[in-house]
Amino acid sequence: EAGVAQSPRYKIIEKRQSVAFWCNPISGHATLYWYQQILGQGPKLLIQFQNNGVVDDSQLPKDRFSAERLKGVDSTLKIQPAKLEDSAVYLCASSLGGGGFGEQFFGPGTRLTVL
Amino acid sequence: GDSVTQMEGPVTLSEEAFLTINCTYTATGYPSLFWYVQYPGEGLQLLLKATKADDKGSNKGFEATYRKETTSFHLEKGSVQVSDSAVYFCALSGANDYKLSFGAGTTVTVRA
Numbered sequence: 001e002a003g004v005a006q007s008p009r010y011k012i013i014e015k016r017q018s019v020a021f022w023c024n025p026i027s028g029h030a031t032l033y034w035y036q037q038i039l040g041q042g043p044k045l046l047i048q049f050q051n052n053g054v055v056d057d058s059q060l061p062k063d064r065f066s067a068e069r070l071k072g073v074d075s076t077l078k079i080q081p082a083k084l085e086d087s088a089v090y091l092c093a094s095s096l097g098g099g100g101f102g103e104q105f106f107g108p109g110t111r112l113t114v115l
Numbered sequence: 001g002d003s004v005t006q007m008e009g010p011v012t013l014s015e016e017a018f019l020t021i022n023c024t025y026t027a028t029g030y031p032s033l034f035w036y037v038q039y040p041g042e043g044l045q046l047l048l049k050a051t052k053a054d055d056k057g058s059n060k061g062f063e064a065t066y067r068k069e070t071t072s073f074h075l076e077k078g079s080v081q082v083s084d085s086a087v088y089f090c091a092l093s094g095a096n097d098y099k100l101s102f103g104a105g106t107t108v109t110v111r112a
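Protein chains in written order, with our numbering: chain A, 1 to 115; chain B, 1 to 112.
Just so you know, the hints here were simulated from the structure itself, not pulled from any lab data.
Some hints could be false.
[Said to hold, decoys possible] Computed beta-carbon distance windows for the label pairs:
no. : chain 1 : residue 1 : chain 2 : residue 2 : range
1   : B       : E42       : A       : S66       : 27 to 35 Å
2   : B       : T5        : A       : E68       : 29 to 37 Å
3   : A       : V73       : B       : G61       : 30 to 38 Å
4   : A       : P81       : B       : K52       : 41 to 49 Å
5   : B       : E15       : A       : D63       : 44 to 52 Å
6   : B       : G41       : A       : A2        : 12 to 20 Å
7   : A       : I38       : B       : S85       : 17 to 25 Å
8   : B       : Y30       : A       : S7        : 35 to 43 Å
On a predicted model such as this, the values are computed, not experimentally measured, just so you know.
Yeah, the Cβ is synthetic: ideal placement off N, Cα and C, and Gly gets one too.
The whole structure should be built from the sequences, with the hints applied where relevant.
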């Protein structure tokens, strides 16, 4: 079974530029998550989708971050404009259901460096 | 809000040594508790979980028991191997929502 796919794996941009990350979850997984992992910290949930609807985006900095999951399958996360403090690894995860008792499967992440 | 505090690292051990990583949590109700592991160059993987008090999760020789009285979920392994070198994250999923809250992670290095 194919795992969660993410691209690109690495991205270097200058501050104030825009960047987009892509995620393809495991086939059949209804729930998709985006996490931000800053160096030395645990992952922090940015947004959770159930199919193509947003369940939780309370920690998403909506002035600069946006995410969509148009057809309930793959998803994109965008940052516009980027700040230095956005340097982090962006993780995508998926689960069959709401994720409470079900396992979340993580992708390899995209490492973003903002200069 | 819900939160997890885990032992700071890094931790360096010799092969066959005993490993303990402490994890305590703050949450309302009855959360589910998890340990995730991140091996070098790989993504996060679920190591073990426990969904109610006194449950013991186990996998690959690792164990952790959900202790509600001490709000703890300490990870243990009796005899570590070099291949156990990784970053370990304690996490919880709230009783009323399914959001995962992670600790800061503990880096474990096992020397041959």
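Okay, the hints, checked on the actual structure:
1. Taken as a hint, the range 27 to 35 Å holds for the pair E42/B and S66/A, whose Cβ atoms sit roughly 28 Å apart.
2. Restraint check, T5/B to E68/A: a C-beta distance of roughly 34 Å satisfies the suggested window 29 to 37 Å.
3. Our hint of 30 to 38 Å for V73/A and G61/B holds, since their Cβ atoms are close to 37 Å apart.
4. Taken as a hint, the range 41 to 49 Å holds for the pair P81/A and K52/B, whose Cβ atoms sit roughly 46 Å apart.
5. The beta-carbon spacing between E15/B and D63/A, approximately 50 Å, falls within the hinted interval of 44 to 52 Å.
6. Under the hint 12 to 20 Å, the C-beta atoms of G41/B and A2/A, about 19 Å apart, fit the expected range.
7. Our hint of 17 to 25 Å for I38/A and S85/B holds, since their Cβ atoms are close to 22 Å apart.
8. In this structure the hint that Y30/B and S7/A lie 35 to 43 Å apart at CB holds, the actual value being about 38 Å.
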